[in-house]
Amino acid sequence: MDWIGQHWLDWASLLLIAAGVLWLMPGAARRPKVVGVLLALAGTALLATRVDNFSSPIGESVLFWLFAAVAILSAVLMITNRNPVYSALWFAIVTLSTCGLFLLQFAPFLAAATVVIYAGAIVVTFVFVIMLAQQSGATMYDQRSRQPLAATIAAFVMLAAIVGVLQNVGESLRDSNPRPPRRTRPLEASSADVVANPLSGLAADEPLGKMHAIGRSLFGDYLFAVELAGTLLLVATIGAIAIAPRRRRGTL
Amino acid sequence: MTGDVERYLVVGALLFVLGALGFFTRRNLIVLMLSAEMMLHGVSLTLVTFSRMHHNLEGQAFTIFILTVATCEAGLALAVILALYQKSNSLDVELWTDLREADLPPPMAAEDAGQRPFVPPEPKTFPRLTPAGVVPDIRDEHDPDRVDDAASPTAESPLEPSKVEDVIKTAVR
Chain A
1 MDWIGQHWLD WASLLLIAAG VLWLMPGAAR RPKVVGVLLA LAGTALLATR VDNFSSPIGE
61 SVLFWLFAAV AILSAVLMIT NRNPVYSALW FAIVTLSTCG LFLLQFAPFL AAATVVIYAG
121 AIVVTFVFVI MLAQQSGATM YDQRSRQPLA ATIAAFVMLA AIVGVLQNVG ESLRDSNPRP
181 PRRTRPLEAS SADVVANPLS GLAADEPLGK MHAIGRSLFG DYLFAVELAG TLLLVATIGA
241 IAIAPRRRRG TL
Chain B
253 MTGDVERYLV VGALLFVLGA LGFFTRRNLI VLMLSAEMML HGVSLTLVTF SRMHHNLEGQ
313 AFTIFILTVA TCEAGLALAV ILALYQKSNS LDVELWTDLR EADLPPPMAA EDAGQRPFVP
373 PEPKTFPRLT PAGVVPDIRD EHDPDRVDDA ASPTAESPLE PSKVEDVIKT AVR
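Just so you know, the protein sequences line up as chains A and B, in that order. Every letter in the first sequence is one number past the one before it in my numbering, and letter 241, counting from 1, is 241. Add 252 to the 1-based position in the second sequence for my numbering, that's all there is to it.
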């Protein structure tokens, strides 16, 4: 109980976001959207004050909270929008802000690849399918959600469990390792206690995001996995062409 | 929870949970697949954070594989969605319950029993301008039967008010 009392602000922030999602969920009653968005924003801001330690470089903090708030808010709007076209567009914004977070974590190649694949291919394909398959006008299944209250409770209990585990692990790490964090590299390089695969590890002074090192890891340690992924792509292509419905007459 | 890593992990967990929530609650097949992709985003962010945490490249390599699998999943899922749409003319996921437990009622009946019937919302009305081109009543004052030559082509023009309204209706529709 003491543990809950210590962290009640965290739970309150999660509760605020959950209330915002529940408010925005499509249902029988028409509710003003602004209230839900404000609730989710307030929850995110409260979570920000709880998570941020205000000791990391100010630029990274500002960028992180910009990208994180945009990602969370767009995610809430994506899963609650009644129009699937708008859902796809909000998903594109979620993708872009996730790529911003990748960039902040020294993964520029992944950020570029994610933008190209998601925003360039997957979202466009989704929009094409919406054009092919969407019925005109408002449809019943977009206006009603399935068990919104129970699903929201379940999802946010899961989130609270994850956040609780993170808190416990963080506190135990800090207790056993009381050194102040270094400014130059904000994270403790703990490669000593985590053994990487031989070609995926980095020397302590080697930067993280170099494409040379990623290629070494992919085509060294994970060569067979790369071949398997290529085969998977081929199989998926053939399968998609086989499954996709053909017109009544003529080919495709 | 004041570490530099945890905040990225919290955002990753939030993205995953919101995606799962969308997957649970929404009934449109396309939104369902979008939510699944968002769960993959959350996992990718977590893996990249782990990679930075331990200062090696395992997490980033895994994320590239996640990208591959997400692409395959999207392509196959959209093909399946198109096939299902051609069979039922609807994207409602509740229509496909053939494999449920035999003694359970279909979920749609249990769900809609306590709810008000669905009334489609009113179509939106947009402001529109008054149609221009109303034919003025110009007659020769000496000969009332003779219509002025300048006015006669406009009487047959496509800008007649009733036709203009038809054009606007089709455009709005």
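It is worth saying that the hints were derived from the structure and are not from the lab. In this text the structure is predicted, and so the values were computed from the model without any measurement. Cβ coordinates follow ideal geometry from the N, Cα and C atoms, glycine included. Be careful, since some hints might not be right.
Chain B stretches covered by chain A per the calculated footprint, using a threshold of three residues with CB under 8 angstroms from any CB of chain A [claimed, not checked]: (1) 262 to 274; (2) 283 to 289; (3) 294 to 307; (4) 315 to 322; (5) 338 to 348.
Hint check:
1. Beta-carbon proximity to chain A at under 8 angstroms applies to 11 residues in the region 262 to 274 of chain B; the threshold of 3 is reached and the given coverage holds.
2. For the region 283 to 289 of chain B, the proposed coverage by chain A is satisfied: 5 residues have a C-beta within less than 8 angstroms of a C-beta in that chain, meeting the threshold of three.
3. Given as covered by chain A, the region 294 to 307 of chain B passes the check, having 9 residues with a CB less than 8 angstroms from a CB of that chain where 3 are the minimum.
4. Interface restraint, the region 315 to 322 of chain B with chain A: holds (7 residues with C-beta to C-beta distance below 8 angstroms; minimum three).
5. Residues of the region 338 to 348 of chain B lying with their CB closer than 8 angstroms to a CB of chain A number 7, which satisfies the three-residue condition for coverage.
Going through the hint list in order, the structure satisfies each hint without exception.
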